[in-house]
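For the protein sequence lines, the chains are A and B, in the order given. Going by our numbering, the residue at position 11 of the first sequence is 12; the numbering climbs one at a time, nothing skipped. Going by our numbering, the residue at position 81 of the second sequence is 104; the numbering climbs one at a time, nothing skipped.
No lab work stands behind these hints: they were computed from the structure. Any given hint might turn out to be false.
[As the list claims (entries may be wrong)] Here are some of the chain A residues that sit facing chain B, going by a computed Cβ distance under 10 Å:
{"hint": "1", "residue": "Tyr32"}
{"hint": "2", "residue": "Met42"}
{"hint": "3", "residue": "Leu46"}
{"hint": "4", "residue": "Tyr49"}
{"hint": "5", "residue": "Val51"}
{"hint": "6", "residue": "Gly59"}
{"hint": "7", "residue": "Gln86"}
{"hint": "8", "residue": "Val89"}
{"hint": "9", "residue": "Ala93"}
{"hint": "10", "residue": "Met98"}
{"hint": "11", "residue": "Ser99"}
{"hint": "12", "residue": "Ala102"}
[What the hints assert, rightly or not] Partial pick of chain A residues on the chain B-facing surface, computed with a CB cut under 10 Å:
{"hint": "13", "residue": "Leu14"}
{"hint": "14", "residue": "Ser34"}
{"hint": "15", "residue": "Tyr36"}
{"hint": "16", "residue": "Gly41"}
{"hint": "17", "residue": "Asp57"}
{"hint": "18", "residue": "Gly97"}
{"hint": "19", "residue": "Phe104"}
Yeah, the Cβ is synthetic: ideal placement off N, Cα and C, and Gly gets one too.
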Amino acid sequence: NAGVTQTPKFQVLKTGQSMTLQCAQDMNHEYMSWYRQDPGMGLRLIHYSVGAGITDQGEVPNGYNVSRSTTEDFPLRLLSAAPSQTSVYFCASSYGMSTEAFFGQGTRLTVV
Amino acid sequence: EDKVVQSPLSLVVHEGDTVTLNCSYEVTNFRSLLWYKQEKKAPTFLFMLTSSGIEKKSGRLSSILDKKELFSILNITATQTGDSAVYLCAVEATTSGTYKYIFGTGTRLKVLA
Numbered sequence: 002n003a004g005v006t007q008t009p010k011f012q013v014l015k016t017g018q019s020m021t022l023q024c025a026q027d028m029n030h031e032y033m034s035w036y037r038q039d040p041g042m043g044l045r046l047i048h049y050s051v052g053a054g055i056t057d058q059g060e061v062p063n064g065y066n067v068s069r070s071t072t073e074d075f076p077l078r079l080l081s082a083a084p085s086q087t088s089v090y091f092c093a094s095s096y097g098m099s100t101e102a103f104f105g106q107g108t109r110l111t112v113v
Numbered sequence: 024e025d026k027v028v029q030s031p032l033s034l035v036v037h038e039g040d041t042v043t044l045n046c047s048y049e050v051t052n053f054r055s056l057l058w059y060k061q062e063k064k065a066p067t068f069l070f071m072l073t074s075s076g077i078e079k080k081s082g083r084l085s086s087i088l089d090k091k092e093l094f095s096i097l098n099i100t101a102t103q104t105g106d107s108a109v110y111l112c113a114v115e116a117t118t119s120g121t122y123k124y125i126f127g128t129g130t131r132l133k134v135l136a
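Work out the full structure, taking the sequences as your base and the hints as a guide.
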């Protein structure tokens, strides 16, 4: 069972570069989300989606874009990387309302 | 603004001790509260609570929700070194026909042998 697959696991970017973090799930989950985790800050919600074609902003959306063209995929785009975006990024999915989330293994991103 | 606050931020105990972790919240249109355990990498699910006063148990872990006072506690009895982890609380809130999960900062638990 693949579950939630995030790629890449590690990435180093230069300031100003753009990139896409990939997230795919094979559980036919309706809800998908992206979080960033910084020391002492817990998981902060960047963007989320309640179904294909529907996305919304979380707490810290600036500098990030998302789209949800299929149920399975929810990529996160960094438009112009900044050192403040150095973090560990987690993608999560869940079946729907009031259900447990399944997390990907995380992407450690460093922006220099 | 929706908010989830966990306390304490960190805790060091010895094996065999009992610990209580706290999670308080202020969200619009609460639906559920979830606890996760995070060791090295991805958080893993522990409990989901939707009703006040009903204790959920799994082995040495238990949790309860108080929707009137807006908090939940996670108890771990007879702690073991394998319980060392960050424990995350998340609250599900609905707004304008959609829903989202908001996490607290977590409690870092270290259990010493």
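Identify every previously stated hint that the structure contradicts and give their numbers, smallest first. Hints 7, 13 contradicted; others consistent.
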